[in-house]
Each structure stands twice: as C-alpha cells, then as structure tokens.
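Engineer: Residues per chain, in single letters:
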Amino acid sequence: MVQERTLPTFQSPPAQISAEEGLMIYEDMILGRYFEDKCAEMYYRGKMFGFVHLYNGQEAVSSGVIKALRDDDYVGSTYRDHVHALSAGVPARSVMAELFGKETGCSKGRGGSMHMFSAEHNLLGGYAFIGEGIPVALGAAFQSRYRRETMGDDAADQVTASFFGDGTTNNGQFFECLNMAALWKLPMLFVVENNKWAIGMAHERATSQPEIYRKASVFGLPGIEVDGMDVLAVRAVAQEAIARARAGEGPTLIECLTYRFRGHSLADPDELRSADEKAKWQSRDPIQRFEAYLIEQNLADDEVLKAIRQKIEGVVEDALSFAQDSPEPDPSELYRYIFAED
Amino acid sequence: MVQERTLPTFQSPPAQISAEEGLMIYEDMILGRYFEDKCAEMYYRGKMFGFVHLYNGQEAVSSGVIKALRDDDYVGSTYRDHVHALSAGVPARSVMAELFGKETGCSKGRGGSMHMFSAEHNLLGGYAFIGEGIPVALGAAFQSRYRRETMGDDAADQVTASFFGDGTTNNGQFFECLNMAALWKLPMLFVVENNKWAIGMAHERATSQPEIYRKASVFGLPGIEVDGMDVLAVRAVAQEAIARARAGEGPTLIECLTYRFRGHSLADPDELRSADEKAKWQSRDPIQRFEAYLIEQNLADDEVLKAIRQKIEGVVEDALSFAQDSPEPDPSELYRYIFAED
Amino acid sequence: MAETFLFNALRQAIDEEMGRDQTVMVLGEDVGVYGGSYKVTKDLHGKYGELRVLDTPIAENSFTGMAIGAAMTGLRPIVEGMNMGFLLLAFNQISNNAGMLRYTSGGNFKIPLVIRGPGGVGRQLGAEHSQRLEAYFQAVPGLKIVACSTPYNAKGLLKSAIRDDNPVLFFEHVLLYNLKEDLPNEEYLVPLDRAEVVRPGQDVTIITYSRMRHHVMAAVKPLERKGFDPEVIDLIALKPIDYDTLGQSIRKTHRVIIVEECMKTGGIAAEIIASINDRFFDELDAPVLRLSSQDIPTPYNGRLESLTIVQPQQIEEAVEKMMQLQV
Amino acid sequence: MAETFLFNALRQAIDEEMGRDQTVMVLGEDVGVYGGSYKVTKDLHGKYGELRVLDTPIAENSFTGMAIGAAMTGLRPIVEGMNMGFLLLAFNQISNNAGMLRYTSGGNFKIPLVIRGPGGVGRQLGAEHSQRLEAYFQAVPGLKIVACSTPYNAKGLLKSAIRDDNPVLFFEHVLLYNLKEDLPNEEYLVPLDRAEVVRPGQDVTIITYSRMRHHVMAAVKPLERKGFDPEVIDLIALKPIDYDTLGQSIRKTHRVIIVEECMKTGGIAAEIIASINDRFFDELDAPVLRLSSQDIPTPYNGRLESLTIVQPQQIEEAVEKMMQLQV
Ligand SMILES: Cc1ncc(C[n+]2csc(CCOP(=O)(O)OP(=O)(O)O)c2C)c(N)n1
Ligand SMILES: Cc1ncc(C[n+]2csc(CCOP(=O)(O)OP(=O)(O)O)c2C)c(N)n1
Ligand SMILES: [Mg+2]
Ligand SMILES: [Mg+2]
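Residue numbers (full-length UniProt numbering), protein chains in the order written: chain A, 1 to 342; chain B, 1 to 342; chain C, 1 to 327; chain D, 1 to 327.
A few of these clues could be false.
Some chain D residues close to chain C (C-beta under 10 Å, calculated; not the full set) [stated by the list, open to error]:
1. Gly126
2. Tyr136
3. Leu284
DSSO-like mimics (lysine-lysine), calculated; alpha carbons at most 27 Å apart, straight line [stated by the list, open to error]:
4. Lys180/C with Lys39/C
5. Lys278/B with Lys39/D
6. Lys47/D with Lys185/A
7. Lys264/C with Lys278/A
8. Lys39/C with Lys47/A
9. Lys264/D with Lys264/C
10. Lys264/D with Lys278/B
11. Lys39/C with Lys278/A
12. Lys185/B with Lys47/C
To be clear, the hints were calculated from the coordinates, so they are not data collected in a lab. All C-beta atoms, glycine included, are put in the ideal place defined by N, C-alpha and C.
Please take these sequences and the hints and turn them into a complete structure.
Structural biologist: In structure tokens, the structure reads:
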C-alpha cells in the first residue's frame, strides 16, 4: 500500500475571521453537506436519476475558496458541481430543481446533475467531461484582463476559480492552461481537489509525480499544497491567491488534499478504497473540525451552530418541496435554447 | 529582445569515437544537408510541391541521436522528417521519390514530404500535425516493454526515439506522454529540437517557462539540456539515455538547443528572425564544427572528408534521377491501402 | 447454452481472444483493478496482469495514440472508451492516425485496433454522456464502424473486430448491457460487414441498429397483430454498410423506413438514404422515411429526453402510414 | 469599388468589425506578429495590440475552450485554425461546449464565437492538410456552418458571422485566398442562412459550395455552348441548409446534381439528398446525383490527388447524362 501523504500543517497565522465570517462559512459547509445527503436519499429512494456525484467530505474546498471570492468573480466546476454551485450563491431551490430536471432548475432542467449553470451568479457551469472546464474558465479569466486593459474597464478585476480533481491533472488541457494562464498572467486559481482517487484509479497509479502542486513550478506560477480538510487553511491560501490574481500578478495552482466520503457517484460500488483509509479521512471531517474551531475560539456556541443546522435543514426541505412541486419543462420547448435567439 | 540562452558546454569526457564512427556520423550529416539543399533547389525550380519543411542546421540532432540507436530501434518524427528518415536508414532514393510523389517513394507517393514512413526501418513516420506523433511513439515503446515482459521475448529491448519541436511542448499530448512514459518506465527518448521558433512564434512568447528540459523533473524523468549544434554532445547524451531505456530504467527528455537555417517551410517568408540571430547560429553550423573536430582529433583529413562529400553528392544526384525517372502511382490503385487487405 | 448478459458476452469475447493471442490487450480508464465501468473487463486484470489490462490516466488523446503506435508495431490493442463520448478528445488520433495512417504510409503499417465502449442515450445521463458518435465518425476514411445489439452478436462481432487487421470503432449501447440471451458454448464469430435480417417480411423494410433494433421489434408486435409484415434489418456494420442485404430487401418491399438513434442531420440514415437514391431509386414506391433523434443535445429532463429519441409508437405509426400510401 | 483578394476581404471584415466593436478579438497560432499563415490578420496586431490579436501556443483544444469561455463572458472571439484540420484536436470543445453548452445550460449563456480558417484539398499538401471537416461537424447540434467562396461573400459572411450570437464554423478554402473581385466601398453584410443562386437556369439544379462552385462554373461554360441551361446554387450555409432556395429550384428543374469536395460517405450531399427525399421526393424526375471526393485520405501524388476530387469535366458529363434521361 502506498504511504499516506502527510498533510501539510497550516503554518500561517490563524486566518483572522470574525464570528460573522465564521458562521457564514459554517453555514455554507452545512448547506453543502445536508443538501447532498438529501440527494443521496432521493437517489436511493428512486426519485433522482442519472449520474449523481456527491461532494461529501470536500466541503472545506468549496467553502474555503468560493466564499473568499467576490460575488462577481467566476467559478468553473466539473460533474461534481452541486456544492460549488451552492457556494457560488445559486439558491438551493434552483440546484435541487435542476437535479429533478425541472423548468425551475438553474439550467431549466436541461442540464441535470453534471451541468449546473448560472450566468447570474457567474457560475460558468458544471462540465461532464474532465478537464474541459479548465480552458473555459481560462477564457473567463482572459476576458477580465482583456476588459481591463483593452476596454479600459477598471472594474474588470474579476478572478476566476477553476475546480477539478487529481485525475484531471494528467490530462493535457490542464498543462496547456497552466502555460497560457502563467504566460499571460491571467487572474485565475487552479484549484485541484486531490481526493486521492479518480473513480477506481488511485492517484499514485495514474501519475508519475503525485505531488500536483509541484507541477506549477515548471510553468512559472506558484503552486501551493494545502490541507483540504481545513477550511481556514484553504481560505487563507485562496485569499492570498485571489489577491495576487486581482492585482494582476497572475495565476496560482492550489492543491487541496481532501477526500470524498462517498463513492465516485451514487452508482459506484466503491469497493477499492480500504476501510482504513476511509476511516482515517472520515476522522478529519472538515465540518466537525471547523465546528470545534469555532467553539474553541469562542466564535460561536453550540446553540448558534445548532440553529444554523436547523435553518439549513429547513432550506434543504424547502428546496426539495420546491423542486418536487415545480413544473416539468414544456415539451413544446424541446427546441428552445439551441440558438441564442430562441 | 530576449536574451540569447547560453548553450550548455559539453562537460562529459569527449565521446570516445573511432574514426569509423566519426565518418559514419559525418556522412549522415552531409547526407542530410545535401539532400535537403537539393530539395530546396527543386522546390524553387517548381519541380517539387506542397509544404516542404527543411532541417538544415539541425543535423547534429538527427545524426547524434539516431546514429546512436540500433537498427531495430524505433524513430518517430514530424512534418520535418526527411533527415530523420535518412538517418534511420531509409535510402535517399526512397525519400526523394516520396517527395516527388512517386510509386517508388517510401510511402508509395501517397504520403509526401510530411509523411515519410518505413516499416522496414522501424520509422514510425512523419506526422503532419504537431504532437500527434508522440503518443504513437509511446505506443511503440510500450510494445517493447509489453513484448519483453508479457510475451517473454528477451530480445524485445528496442528503444523508441520521438522527435518534436519547442512549439510542440506547449501541447497537451507532450505532457500526457511524459507522464505515461515515466509512470510505466517505457524505453523512450523524448527529443525536443528547440530551434527557438514555431513558425513565426518565438519560443519565449509561447511558453511560460522556456527551459523545456526542466519540465521533466515534475514528471519524474531525467531532463537534459544539450548543445544541439554539437553532434558528439548530442550523441553522448543520447547514448546514456538509450542505455537507461534499454536497461528498463525508463524514459529521458533531451532538449537540444538548435536552429534551423531556413524558413519554417520553403513557403515561409521568414521575416521575423533577425539577421543577427541567424548569423550567430549560422556560425555554429554543426557540420563545420564536426569537420573541424574530426581533423583536430586526427580522425580524418581533408581528403577523406572531401571524398565523403563527393560520394554524397553522387548519392543525392542518384536519388534525384531515380525519383524523377520513377513511375507515378497507378491511378487504378487509388483505393489501395485503405484497408489492411488491400 | 448459457444465459449471458451482454456485458458478459463482451467480456467473454475479450477473454477468449486474449487467451488465444498474446498480442491482444486492453487499455483505458478503470479497465483494470476496477474491472471497467460496465464490468466488461471484470477480473481480466487479475488473470492477465497489468500490462495486458492496462489502467491509463485520463488522457484519451494520448492513450489512443499510444494504442495506435502499439498496433503499428504488432500488438492488437482494445481501447475502452469508458463512454465513447470521451473519445471526442481523441478525434484527431482516431481520424488522422487510426483512420488515415495506413493509406498515407502507402501500406507500410496496418493498425489492428478496436476502440469500444458505450454510446447512446441512457437514462438521464445528460447531453455529454448521451452522444451518438457514429454520425461524427462516419465520414472518416479507413475506419470500420460496427454497432452490436444483442449478447449473441456482441460477442461474435467483438471477436471478429479483435481479429480484424483494421481499426474498428465498436459501439455498444449503455442501455443494452443487461440484455440476456442464451449463447452457444462453442466458439463463434459474427462477420463485421454483414447486416442481420432480424425479421423477414414483405411489406416494408425497416433498417435500424443498436438499441433502436429493440424499439423496432417492440413496434413490430402490434403491427403483426394488425396484419402487417415488415422486414427488420439490423445494420450491424455502420461503415461500410451492407448494401447487398439492404438491396435484396428493398427489391422485395419497395418501401423503406430507417430508425436511428443518432441525430437526423448528418446521421447514418442520411448516408443510407443517399446511397439508396444512388442505387435503388427506381425500386422505391415511396420516399424513404427516416425516424431519427431530434437535432438537439440530449436534455436531462426525463420527459424531454424520451421525446428526443424515437419511441416504438412512432415506428408503428410510421409503418401504418407508409402502408396506406397508394403506389 | 476596389479589386480585392479573398484573403484581404476577410481581413477587411475582421478589421471593420474590430473597429466597430471592442469585444471582437482574434486568437490563434501566428495570427499576431506573423499576420496569419494566409495573411488574413496581417497588420492587425500592430493596429489593435496583442490582447486583441492574440498569438497562442499550439494548444488547439485549450485555446478553443478559452475562446468559448471568453464568449460566454461577453467577448466575441474569432479563432483562427491555421488549418481547420488542426481543430480536430479541439473537437470536444467545439462539439460539447461551443455546440451544446447553450442548450445544456438552459439558455444561461450564449456563445458568440467564430472559428475560421482554411480547409479543403490544396496542391499536394498531403492527407492531413487536405481535410474537409464540414462532414465531421455537420451533425453537431448548436453550430452554424458556413463556407465562403468569393471575395464578396467572404467579407459579407464573415462580418455577419462575427455579429452572430451563436458559434459559427466558417470554412475558407486554401485555394481560394487569391481570388480577386471588385468589392463595394460601402459596408455590406451577407446573411449566414441564405444560399446564393449563382446562375439561374431551367434544366437542372447544381448544388455546390466552396471551391467546387468554381469547378461547377467552369463546367457551365461548355454546357451553355451545348445549349444546356443549368441552375447553379452555392449553398453558403452548410448548416442549417437553405431549403427554401433549394426547393424553389427543384420545383423548377426536377433534376439535381450535388457537387461537393468532402468525401462521399457521410458528406454534405448525403444530408441534402436525404432532406430532398424528405421534402421534394415527388418533384424529382431522376435520382439526385452526387459528385463527391473519393472516400480516401487525400494522396500526395498530384495525379492521384486530382482524381480524388471532382473535376469540371465530370460535372459536364454528369449534366449531359442527366439531361438525356427520359422522364
Ligand atoms: C474526458 C473524460 N474522460 C473520462 C471521464 C470519466 N470520468 C468521470 S470522473 C472521472 C475521474 C475523475 O477523477 P478526478 O479528476 O480525480 O475527480 P474526482 O471525481 O475525484 O472529483 C472519470 C475518469 C470523463 N468524465 N471525461
Ligand atoms: C496540431 C497542429 N497545429 C498546428 C500546426 C501548424 N504548424 C506546423 S509546424 C508548427 C510549428 C511547430 O513548431 P515546433 O514544434 O517548434 O517545430 P519546428 O517547426 O520548429 O521544427 C505549426 C504551428 C500543425 N501542424 N499541427
Ligand atoms: Mg479525484
Ligand atoms: Mg521550433
């Protein structure tokens, strides 16, 4: 068995977060977790179909990065996109309705689990094929620089965060984009969610050099390794990268060491990951850890956190009812949205 | 203007070459040079058509690497493939006839300048699209390992050398293949002919980290920089890489710093490269330099070298007559070679 | 005879051919330890080792190119596209190198290569996982394209494809893997270039392939009850197409309906209609009818999705309507 | 009026549109400092700067994807494929993201994107540089596909393509860049969805596009001398196809010949024949005839190459033969 990679300890001074920030992040993580637990339930009860890839366990990455972005920054995701969409501000109702294929879904029921889009929230979308979302995100980042420099729009300092997995970093598009982003100093974050597996392929079996963050060095951009189960560590790293990007100093590659608590998708038998490995990572649950931190730092007490959890339970229930009660797309609109004029 | 990159000095002990080896290498370089000078002449006289990419100036790379390979090793090339084909042992007649689109050409007149193939010489071929030849070469390298380990064929210790340019190293296929070659320890040489330009694109404008050999480090294979105008330096580096590959120790990335003395293709106006730059590199002509070396080391005298040059002039003239006198493909065979049975 | 799932029929084909010929190997994402997303290579990794059942990184363009290079130098690789759609990333290798290289090399190399995996519209898998690439690839010269549709033909065709010295694109259908059928115990091959007359008949020729064969057969039942006698042909070979078999049928029925799952524009039916026009125009008593998927990316919503592909009911109606046409 | 080369007409189109709209930009290999392999972007780099005329590394898949992302967020990028064949490497981005993303996103994003460059068989450029990708891409939903053929339509169409809010694949022909024509001094647009009746006539409808338009017109001269009166239609729009214009012509002539440079199998003519079969079957007095390139990779040898594509002589013969057919 491969030696477990040691998680980097978070060295920088503790992120100075206020109680308000802390609770906002906590709420976002809880939302991600509860929302997806509900998806699993619906799927196993035969109410939700297709490929559904859950994010349980990785919440510190989505909340750590996206909640450090500005509202008008861009987020690009993958097929594992529900939680990124939620962190980006897409209402739980719209995401859930999309999962039920309803007209009220953020992609009008046309996209489904792997294709959450929201122009309103600058969510560039979920992409079902690995890697293909990275160049698209690069384009959004390019656009910001273009607007600022060519069109004289000083407000165009948006940053784009592109999320993808360890398996994806063996795909050519990743490297092509690292090169272009660094070459043109684009305001972009490459966020690798290294959860050690690409479906049934262990990261070490797929890559000749498992430390992904190191790859940045030969493309001339900073590469940073971070404990992806520690939301404040992720947030601190993200904030620094965002500041650099916003200042026109170029992209950063952030490798978050994390783990998914469920199978690759809800259809995956998940037989290859050892019980040991799962248990070890389960014990690092980013939500429990952050809860402990909030209390320890006196940023919140049990009551407050419980109230948030209850609130989010309500949000998820509401989203579910909304989704279930929403209308299906109108069959007469089968041909709508092919062209821009439709 | 970008600072000229300093050429690495060749540090290892002078390659111990015999007079025989020296002359063999010299002859190969002269063949490459004269053959292509003749191509240029034919093209400008309107006797040769299509895109014709010449190799003048880069001969030390082809001769340095390929002449260090065994006959049964594999060579994969690009659209700039005539000289690689010659070094690999494809007769000048077959290469020239191919350039004239004749039935006697190594690709039966179907391929042309960018598609020299010879199964007999384990020449995997010229590939018109950049990068696409690298995975194909990887496949040949994989096949050697497969044969040896799976089929118990101990003689299957062939090495595959894949050639490509600096511009190609920004393409995803390059990185995807570095990863797989290193991961599976395939017997392969990645030979980058860094001639500083990709058509009109200066290398430094296309890549965020111009030192290509360094990229190997993050894929877990050795990367070596070599003066690509010094055939013995190239040969020494190649020999070491070949020995490693043959011993099952995996691939090597070799970056040869070189220069093409002509435009990208014979149709290229070549207006962007400065006269200065051209002159500087012209003064490093690998053939003149090797000539001087041979004489200085008493491995040959002027007479011997002159005799070789005259011999090669003859070979090229013969190739030209052969090509011109050869028959065109039979129009009734237009559909031949589509399927293996044809 | 043993009742066998389609995915297992494919697995048997690979297993038998790997046992028979040491140069046969499989590569792709999760084909090894995981046993393949649809279990087509289950346990073969344990049996044949990791070089012969090679788990690759997610680098479709390069591992497909690698398979081509291995085929050029004497192996017989089988590339699994975990979903055939992913091979869009390998389009260049498949077209330029698998398809064209033998010709361009003047016959220097042959490329015995199978590229296989699931295509087609599944159950709410979304647009990208519901593609029908046969339409995109049909114009590429040098490729053979095959679509299996039953456990029996899946096994026999895959064995033939592996033995074929040419690159074969081999389409399975994501919704057919769990079809069951009794398979012979003895070895058999099914030819790559022959269409299958699934149901002989006199009235009208229904040409189809892959999963739509089953939609057609579902429509045939009520049609039989109503007294119609359609001939059903499963193309099997999408390129080159078996016009001998089609021609025999058309000369008999003089009426043709094509049912396909690919999109209408530029689909397989388009080419067949054009070729029927070239070859059998005078035999036709009515314009050929094509029933194709809608020209849209497959929507996720289940109802829209089912409207996107042809349903048995539509086939039934189309036959009735065509039979009412006066000649 | 000023006599203008086709490549320069394209250049003017880009220049005018860049002048008119700051969000219009060009990207691709050697489009900047070098001015484009066929000079279509000559001097624009100097005029508009390096972000608006962006030299990219040789990474087709990613820079095409980047253009899509830029288009989704408000720019109007023009991707130059130095040769359209290279875009096979970007097939996935073009099909899944340029073509399908708007639909899959339920209309969240539009993708105003032009992908342009030379295709077609040149003079002994070899198989890979002689591709006709329109056949491979025609089935992709969500794309508009256009082929220009004269300096006049090249300029007007490219301007329309740049202003269109949808992804447009814009094919030029490597052998037409040096065509010359007087162009109006005032601005004009040519619609993307309208076929052009190049020569009205009564006897037979010849449908063609791109360079083959000129082969057809070369054949028309001797045919006129022999007393034939063919109608010649340049499709311009390869997707969607202008069946109004085709229908009007077919209702008049009742005979159709399609001349295309793409390969026969799965080509543009296949789709048109199928659609004519769908729409105008009863109007036909004879089977539609398709004259296509041979179904082979383009051979390098000049004689084989010229046998691969349709020559004017064959068109002439085809018309004569079709006109001899008794109805
Ligand atoms: C181009 C492409 N190839 C293959 C797949 C099938 N596939 C889906 S997810 C996946 C594994 C991806 O692993 P990773 O990048 O680590 O992300 P994770 O699923 O772990 O979040 C694969 C192979 C795909 N969706 N797209
Ligand atoms: C996939 C692809 N994209 C673009 C081209 C056009 N092209 C031909 S050669 C070339 C430059 C390649 O430069 P480099 O790799 O440095 O090799 P060199 O020509 O200098 O030997 C380009 C862009 C191509 N042939 N293939
Ligand atoms: Mg992973
Ligand atoms: Mg170069």
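Engineer: Could you work out which earlier hints the structure fails to respect and list their numbers in ascending sequence?
Structural biologist: The structure breaks hints 7, 10; every other hint is satisfied.
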